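Student: Let's have the full structure, built from the sequences with the hints guiding it.
From first to last, the protein sequence lines are chains A and B.
Under the working numbering, the residues of the first sequence are numbered 1 to 224, in order.
Under the working numbering, the residues of the second sequence are numbered 225 to 315, in order.
Hints are all accurate, no fakes.
30 Å max Cα-Cα, derived DSSO-like pairs, lysine-lysine:
| hint | chain 1 | residue 1 | chain 2 | residue 2 |
| --- | --- | --- | --- | --- |
| 1 | B | Lys256 | A | Lys157 |
| 2 | A | Lys220 | A | Lys157 |
| 3 | A | Lys220 | B | Lys256 |
| 4 | A | Lys157 | A | Lys137 |
| 5 | A | Lys76 | A | Lys48 |
| 6 | A | Lys132 | A | Lys157 |
Derived Cβ-Cβ restraints for the label pairs, each shown as a range:
| hint | chain 1 | residue 1 | chain 2 | residue 2 | range |
| --- | --- | --- | --- | --- | --- |
| 7 | B | Pro305 | A | Ile42 | 47 to 57 Å |
| 8 | B | Ala230 | A | Ala61 | 54 to 64 Å |
| 9 | A | His130 | B | Ala230 | 51 to 61 Å |
| 10 | A | Gln188 | B | Asn308 | 30 to 40 Å |
| 11 | B | Ala230 | A | Met64 | 48 to 58 Å |
Simulated from the structure, these hints should not be mistaken for laboratory data.
Predicted model only: the values in this text are computed from it and were never measured.
Cβ coordinates follow ideal geometry from the N, Cα and C atoms, glycine included.
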Amino acid sequence: MLNVDNYWIIEIAGVEVWITETIFNTWVIMSILILIAVMIRIGLNSFKTIPTGFQNIIEAAVEMFDNFVNNTLGEKLSYIAPWFFMVFVFVFSSSLFSVFGLRAPTADFVTTFALALGGFLGMVFMGLRHRKGKFLKSLFEPNFVFFPINLIGELAKPVSLSFRLFGNVLSGTIILTLYYALTPIFFQIGIPALLHAFFDVIIGFLQTYIFVILSLMYIKEAAE
Amino acid sequence: MEASLATIISVAHIAAAVALLNGAFTTFGQAKIVAQAIESMARQPEASDDIRSAMFIGVALSETSGIYGLVIAIIMLFANPLVNIFIKFVS
Chain A
1 MLNVDNYWII EIAGVEVWIT ETIFNTWVIM SILILIAVMI RIGLNSFKTI
51 PTGFQNIIEA AVEMFDNFVN NTLGEKLSYI APWFFMVFVF VFSSSLFSVF
101 GLRAPTADFV TTFALALGGF LGMVFMGLRH RKGKFLKSLF EPNFVFFPIN
151 LIGELAKPVS LSFRLFGNVL SGTIILTLYY ALTPIFFQIG IPALLHAFFD
201 VIIGFLQTYI FVILSLMYIK EAAE
Chain B
225 MEASLATIIS VAHIAAAVAL LNGAFTTFGQ AKIVAQAIES MARQPEASDD
275 IRSAMFIGVA LSETSGIYGL VIAIIMLFAN PLVNIFIKFV S
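Tutor: Rendered as structure tokens:
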């Protein structure tokens, strides 16, 4: 439950590369998402000006997320939306992945920290691009004595963001593993569906939403 | 040596329990946020969308301390650095 299984060890140019359960599950989710994307692209071979049927659904989903980012960030900064759409889809589908009894990749600190670090780098990049010197100057507000405190405050952002998602997903995983380990087989037929619905779907969606909106807030704070 | 190792592990378990106690305070804070948000939603139903998104952000931010407690408890129980140090240096 807490230990991440190690499947293979591959040696590339003398460096050991460990293929763990997390990496394997991440690649499974990635291939499923890429397959869905390719299927949608093939299904929507020619885009129509007036959408019908399947194209309607896809356009509604993308438009909904674009509106969400527009409302949070404003028109000028909303070109970052595709990255956060990717983060949203990936984190939410990895929460749904543990419905099938497999380990979610976000129950490993490495995955969540990588995602949060991506958001942090986006924050620094957009702050430097839109506010240039003022972004660096904001580290020295109100006085240059406060520079270490401001720096720690900035660096704590990706850490707290990733620990929040990791802790929530891991606690759900631990509770479900305990339930499966402690109860007799008679109780494992209908009741875990409710637990999965709460811990994986509801908490997963809420934490995904919070992860995305907090990254957007950090970017807005840095770039405006 | 086994007795002192057992002492270290039992103290670590007590520390994990104490670290998890902050869940009570976290829940209290979250309940205050949600109660206040519902009150202001009832007062101004037309602003409920803004209030709801602000409420989610506040709930998530105040949940951070509870999550930190959980992470500390997990580290205490399963990846305790003190046990490794003890085994490495004392024995």
